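S.K.: Sequence:
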Amino acid sequence: MIRARMLATAVLFHDGDLLMMKRSPNRTLSPGMWAAVGGHLEPHEINDPEAAVLREIQEETGLLPEDLEELRLQYILIRLNEQEIRQQFIYTARTKRRDVNPTEEGELHWIPRAEVMNRSIPFIFRRLLQHYFDRGPHPHVWVGTAGYDSAGTATVHFTELVDPQQV
Numbered sequence: 085m086i087r088a089r090m091l092a093t094a095v096l097f098h099d100g101d102l103l104m105m106k107r108s109p110n111r112t113l114s115p116g117m118w119a120a121v122g123g124h125l126e127p128h129e130i131n132d133p134e135a136a137v138l139r140e141i142q143e144e145t146g147l148l149p150e151d152l153e154e155l156r157l158q159y160i161l162i163r164l165n166e167q168e169i170r171q172q173f174i175y176t177a178r179t180k181r182r183d184v185n186p187t188e189e190g191e192l193h194w195i196p197r198a199e200v201m202n203r204s205i206p207f208i209f210r211r212l213l214q215h216y217f218d219r220g221p222h223p224h225v226w227v228g229t230a231g232y233d234s235a236g237t238a239t240v241h242f243t244e245l246v247d248p249q250q251v
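Take the position in the sequence shown, starting the count at 1, then add 84; the result is the number in the working numbering.
Hints are computed from structural coordinates only; laboratory data are not their basis. All values derive from a computational prediction rather than experimental measurement. C-beta: ideal position from N, C-alpha, C; glycine also. Among the hints, a few may not be true.
[What the hints assert, rightly or not] Label-pair ranges, simulated between beta-carbon atoms:
no. : residue 1 : residue 2 : range
1   : M85       : E150      : 25 to 31 Å
2   : R197      : V225      : 17 to 23 Å
3   : E166      : P186      : 30 to 36 Å
4   : Q249      : P115      : 40 to 46 Å
5   : R203      : D99       : 26 to 32 Å
6   : H222      : I130      : 31 to 37 Å
7   : G100      : G236      : 33 to 39 Å
8   : P115      : P223      : 34 to 40 Å
9   : E188      : G220      : 15 to 21 Å
10  : P196      : H241      : 28 to 34 Å
With the sequences and hints as input, model every part of the structure.
M.R.: Written out as structure tokens, the structure is:
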């Protein structure tokens, strides 16, 4: 049986550095790898992924909504992980401060943008960062679906999310 899981993630910047978490080796998802802060939507957040990402940011970093600037939904990623469809809402923002609280999820570090891609990063998050670094912030949301290209190589296909009625 295929199940569904919804997640919210924050890609946070401060003065050109990206806040990344070196995940604990005891974590179920991507142990020991570098990722962003975030987590699962609680049942009452299913229709409000922004509330979920703000909760996750506060729980994992201590940063409050007033510590953030230009919070925006930038990506929705969809992938199949064994028998689970994962839909992940990715928000970007700038932080007004660098000091963050320790978390049991892993170790938080501010990584200079030029060094980010040198880390061990989960495949789909690596593709998202490459896309974002190549294109920068956008006024629209991108949808990324994990799959294969015509040569059979794993990739993420990005499409602008648009309302055909408004085009």
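S.K.: Give a verdict on every hint.
M.R.: Against the structure, the hints:
no.: 1; hint: M85 - E150: 25 to 31 Å; in the structure: violated, 43 Å
no.: 2; hint: R197 - V225: 17 to 23 Å; in the structure: holds, 22 Å
no.: 3; hint: E166 - P186: 30 to 36 Å; in the structure: holds, 32 Å
no.: 4; hint: Q249 - P115: 40 to 46 Å; in the structure: holds, 44 Å
no.: 5; hint: R203 - D99: 26 to 32 Å; in the structure: violated, 19 Å
no.: 6; hint: H222 - I130: 31 to 37 Å; in the structure: violated, 25 Å
no.: 7; hint: G100 - G236: 33 to 39 Å; in the structure: holds, 36 Å
no.: 8; hint: P115 - P223: 34 to 40 Å; in the structure: holds, 36 Å
no.: 9; hint: E188 - G220: 15 to 21 Å; in the structure: violated, 33 Å
no.: 10; hint: P196 - H241: 28 to 34 Å; in the structure: holds, 29 Å
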